[in-house]
Amino acid sequence: MKSFLLYSCLAAGLFACNNGHTTKESSPMKPVNFGEDVAFLQQHLKNVVVLKNNDDSSRLVVTGDYQARVMTSTTGGDKGKSFGWINYPLVSSQKYAPHINAFGGEERFWLGPEGGQYALFFPAGKTFDFANWQTPGLIDTAHYAVTAQSDNTITYEQTGALQNYNGSTFQLQISRTIRLLNNGNISTRLGIALPAGISAVAYETDNTVTNKGDSAWQEQNGLLSIWLLGMFKPSDQTAIVAPFQPGPDARQHITDDYFGKIPPQNLQVKDSLLLFRADGKSRGKLGLSPLVARKGAGSIDLENNTLTVLLYEVVPTGRYVNSKWEIQKEPFKGDAVNCYNDGPLADGTQMGPFYEVESSSDARPLKPGESLQYRQVTMHFEGDRKALATLAMQLWQLPLEDVQHFLTNK
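Positions in the sequence shown are counted from 1; adding 25 to them yields our numbering.
Just so you know, these hints were derived from the structure itself, not from any lab. Just so we're clear, the structure is a prediction, and the values are computed from it rather than from any experiment. Check each hint, because a few of them may be wrong.
Stated by the list, open to error - Derived pair list, reagent style DSSO-like, types lysine-lysine, alpha-carbon separation capped at 30 Å: (1) 349 x 286; (2) 120 x 306; (3) 77 x 237; (4) 320 x 306; (5) 358 x 411; (6) 71 x 320; (7) 320 x 411; (8) 151 x 237; (9) 320 x 358; (10) 306 x 286; (11) 392 x 354; (12) 306 x 392; (13) 411 x 77; (14) 306 x 151; (15) 354 x 306; (16) 411 x 349; (17) 237 x 295; (18) 392 x 286; (19) 295 x 320; (20) 286 x 237; (21) 151 x 295; (22) 354 x 151; (23) 306 x 104; (24) 104 x 354; (25) 306 x 77; (26) 358 x 392; (27) 71 x 151; (28) 349 x 320; (29) 320 x 354; (30) 295 x 120.
Stated by the list, open to error - FRET-style restraints, in silico, Cβ to Cβ: (31) 418 x 341: 33 to 43 Å; (32) 221 x 426: 37 to 47 Å; (33) 351 x 328: 47 to 57 Å.
Built from N, CA and C at the ideal position, the CB exists for glycine as well.
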């Protein structure tokens, strides 16, 4: 989440003052199923689309009102578990909040970098503090138009301009296609047969940014990256799983102190896996450099017997934008993968609870008419404990007993 959660937690205080959008950690929103989430969104938004397949009960709900955002998904139709976290108070207020509109949703489209000399979230010449921070409207309040649609696929487009901290202007077009996959697609993407007793929902987003200006985007003026962020529902029995490339210096490329050092009871480094507590009760964030990040970050929820995994591309030698709130020595040595656990502020308020798993593309110089494309697949699985254990071993070589031990060792 790069530095997003620093300001999101500060923003929670603003929500409380302006629109009453914070909640007490001790009083989370009651669980709802997929059908109830869809009905709520349809009540408050105009452009809500449910994608479905004819041969299974997987479903997905998206909206152009929130920048072609995937709001939530399910394996089980209207009565099924809903995986995405939705900010009910903010959505129902039908008002815009200052600095950021954290509507929720299990995959939203953003652009980076956030901070630094090429920042998109700060005006030129201003200090890097919360008072000056503003999410660009193109990725926060703009409504994206549908350009193609079928039962299981939808495409949105939007054009606009962004100016970075350096004063460089980017004329760009955004195209985002969201495609609900079936079980055959899922097995093919994973390269394994799903264990018996597993139900699944999965979708792919195909995201493209095109240079629509008259001049090339150049590194010395700043570059853009595609940044995909997902908000999911936490539990006391949920752990984020983040695989990485092992090696003697691997730990140097993993950052775990964005909001203070994550305590050992909340983070375990296991060979080539990180286990990170996702209970929505203690703020913490991880960042993995492209030198060690691997595809397949996700989570396991032992309370609800669910498993989530994200597939994305990592380019070890690529330029990854640095979003720290400062003038940077290395503006193209940022994170490829981030994970975040939400938690309350000192006064007991918070925006969630939720947890996040997110990924970023590398950043590339684009000539006029050239495009940067970035794809991500999000998969959710439900099943009995035995089937879940089989799947966790197939994906990560991770015994569920190890997850259980980590989560109960406080």
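Against the structure, the hints come out as follows:
1. 349 x 286: Holds: residue 349 and residue 286 sit about 17 Å apart, inside 30 Å.
2. 120 x 306: Since the Cα atoms of residue 120 and residue 306 sit roughly 27 Å apart, the hinted pair holds (cutoff 30 Å).
3. 77 x 237: Status violated; Cα separation ~33 Å.
4. 320 x 306: With a Cα-Cα distance of about 26 Å, the restraint between residue 320 and residue 306 holds, given a limit of 30 Å.
5. 358 x 411: violated (41 Å)
6. 71 x 320: violated (35 Å)
7. 320 x 411: holds (24 Å)
8. 151 x 237: Holds, at roughly 27 Å.
9. 320 x 358: holds (18 Å)
10. 306 x 286: holds (15 Å)
11. 392 x 354: Distance ~26 Å between residue 392 and residue 354 Cα, so the pair holds.
12. 306 x 392: Violated. Residue 306 to residue 392 sits at ~45 Å, over the 30 Å cutoff.
13. 411 x 77: Holds - the C-alpha atoms of residue 77 and residue 411 are around 28 Å apart, at most 30 Å.
14. 306 x 151: Distance ~33 Å between residue 306 and residue 151 Cα, so the pair is violated.
15. 354 x 306: Not satisfied, since the Cα-Cα distance of roughly 34 Å exceeds 30 Å.
16. 411 x 349: violated (42 Å)
17. 237 x 295: With a Cα-Cα distance of about 45 Å, the restraint between residue 237 and residue 295 is violated, given a limit of 30 Å.
18. 392 x 286: violated (41 Å)
19. 295 x 320: holds (17 Å)
20. 286 x 237: violated (42 Å)
21. 151 x 295: The hint is violated at about 42 Å.
22. 354 x 151: holds (18 Å)
23. 306 x 104: holds (28 Å)
24. 104 x 354: Between residue 104 and residue 354 the Cα gap is close to 51 Å, so the pair fails against 30 Å, i.e. violated.
25. 306 x 77: violated (34 Å)
26. 358 x 392: holds (22 Å)
27. 71 x 151: This hinted pair is violated, its Cα atoms lying about 36 Å apart.
28. 349 x 320: holds (23 Å)
29. 320 x 354: It holds: about 27 Å lies between the C-alpha atoms, which stays within 30 Å.
30. 295 x 120: Violated - the C-alpha atoms of residue 120 and residue 295 are around 44 Å apart, more than 30 Å.
31. 418 x 341: 33 to 43 Å: Because 26 Å falls outside the window, the suggested range is violated.
32. 221 x 426: 37 to 47 Å: Taking Cβ atoms as reference, residue 221 and residue 426 lie about 21 Å apart, which means the hint is violated.
33. 351 x 328: 47 to 57 Å: At 39 Å between Cβs, range violated.
Of the numbered hints listed earlier, those contradicted by the structure are 3, 5, 6, 12, 14, 15, 16, 17, 18, 20, 21, 24, 25, 27, 30, 31, 32, 33.
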